[in-house]
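Counting from 1 along the sequence shown, just add 2 to a position and that's the residue number in the numbering used here.
Just so you know, the hints here were simulated from the structure itself, not pulled from any lab data. Warning: the hint list may mix true and false statements.
Here are the simulated distance ranges between beta carbons [claimed, not checked]:
hint, residue 1, residue 2, range
1, GLY316, PRO229, 29 to 35 angstroms
2, GLY404, GLY282, 33 to 39 angstroms
3, SER454, LEU273, 40 to 46 angstroms
4, CYS255, GLN417, 33 to 39 angstroms
5, GLU177, GLY391, 39 to 45 angstroms
Cβ atoms here follow ideal geometry from the backbone N, Cα and C, with glycine treated the same way.
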Amino acid sequence: MPTATPIATPSTTPQPSPAAGPTAWPRTIRSERGLEPVFAPDGTAYYLAGGLNARLVALDRAGNVKPGWPIEEPKGAQFGRPAVGPDGDVHVEECAGAEVGCVVHRLDEAGRDVPGWPIDLPSDFACIVGSGCAPGDLTFGLDGDLYVSHPRKSRGLRVLALDASGRIKPGWPVEPPRDGLHWGDLQIGGDGTLYLLGVPDGGGTRSRIAAFGRDGSRRPGWPVPVPGVREYLVGPEGTVVTWRFVDDVGELCMDPRRTVYTVLGAEGHRLPGWPRGSEGSASRPAIGADGTLYYVSRTYRAYAHDLTGEIKAGWPVPAPGASGACGPETPSLAPDGTVFIVGDAVWARSPDGGRRPGWPYRPRGSLVGPCFDSECYGGHQAPAFGADGTAYLVAYRSAPGGVRAEIVALDSEGQVKPGWPYRLPFDANEVSVGPISVSPDGRVIVQGGGWSPYILLALDPDGTLAD
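Could you put the whole structure together from the sequences, leaning on the hints where they help?
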């Protein structure tokens, strides 16, 4: 087992000067590893900058580098993607050669390891014989446990659970049966159950889902075969939702005969009333807090099925123009259960299918941005939601010299809130607008570009740059 050492000293590399005034947004981020920032409850943004010899950077609410940061990768070592715990401390895995192994750091606000950290990972867990060591993935459970997942030979995967003090929990690590499957897509249910999806290489249909309890034991009834499934979602009350495409003959885009949805119970059995199908290519599902399954069909109608598989009263409803790059757009769910459908307009529906007062919202421009690929089918940005129910959207308008993207904030009645929209400071014909999100402290996070370098900025709820 390697010996844990404190993380390297803060970087002395000169940092870009912040913009004049109280805010440094927007910032140009150069991160060649393709990892998006993660956010702490106080609004701190953490990301890995650069490629080789990367630096872990911490930005405050105004976009300025925080004191004590960035943290340089030690020579010969590599950081993985950071993860923020419930207490706001950032965790990052550091791996070097097989003779050194991997450790997990837990860093405080000033970039120092908290007492008792870093934690050594067992060498037989973190390193593959003959392949060296590379950082895995960090995922926090609802109870604050940290799950560290590392690939194994032959597409296998092992997962280790650490408690808040960094101790390895009894019963861990766990490993699903390999069976020639590529395991990943770790998700955690509301009761702490850990799920993994195994898919075959080469386009086969022999997929499986494995489930483990908080003590590392295999859940009764799992793993279960889910033929043809490539994605899944964990629903409420221990349910798991899967979907697959039947007789898909598409090339660039899927063109199946049917899209089939299935809901599994906590013990891996298929719930009565399922599966349910939709002709052609339907959207990915969205899952409500009560287990309702929402999707948009190929004919651009939005459906809602209850846990018995029956279509709920008031549904389906029209979803005109809800087309994405390769099929219908997925509905989005606000914190209060409102169902948002983005198409020719933005529709807000109550769980019974009724239209919310004041909706739909119709922008002055378009909800579909410019194309950047030779084959472009268009598509909408999914809305992001604030804790108060505000819906944030991206709209596009023609302007002298190009196309401008705007962030629009809508209240519960579909009206633009005071101070909005915010016009993004770049030409949307040259810089794509990435997904928008709301950070834990309520700011709207916007990314432009999608790859290194990209543009990152944060907006306060009043429509101004965060400071």
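Here is how each hint holds up against the structure:
1. Against the hinted window of 29 to 35 angstroms, the Cβ-Cβ separation of GLY316 and PRO229 comes to about 33 angstroms, which satisfies the hint.
2. Roughly 36 angstroms separates the CB atoms of GLY404 and GLY282, a value that falls within the hinted 33 to 39 angstroms.
3. For SER454 and LEU273, the hinted distance range of 40 to 46 angstroms is satisfied, since their beta carbons lie about 44 angstroms from each other.
4. Under the hint 33 to 39 angstroms, the C-beta atoms of CYS255 and GLN417, about 36 angstroms apart, fit the expected range.
5. Distance hint for GLU177 and GLY391: a CB-CB separation of about 43 angstroms, consistent with the stated range 39 to 45 angstroms.
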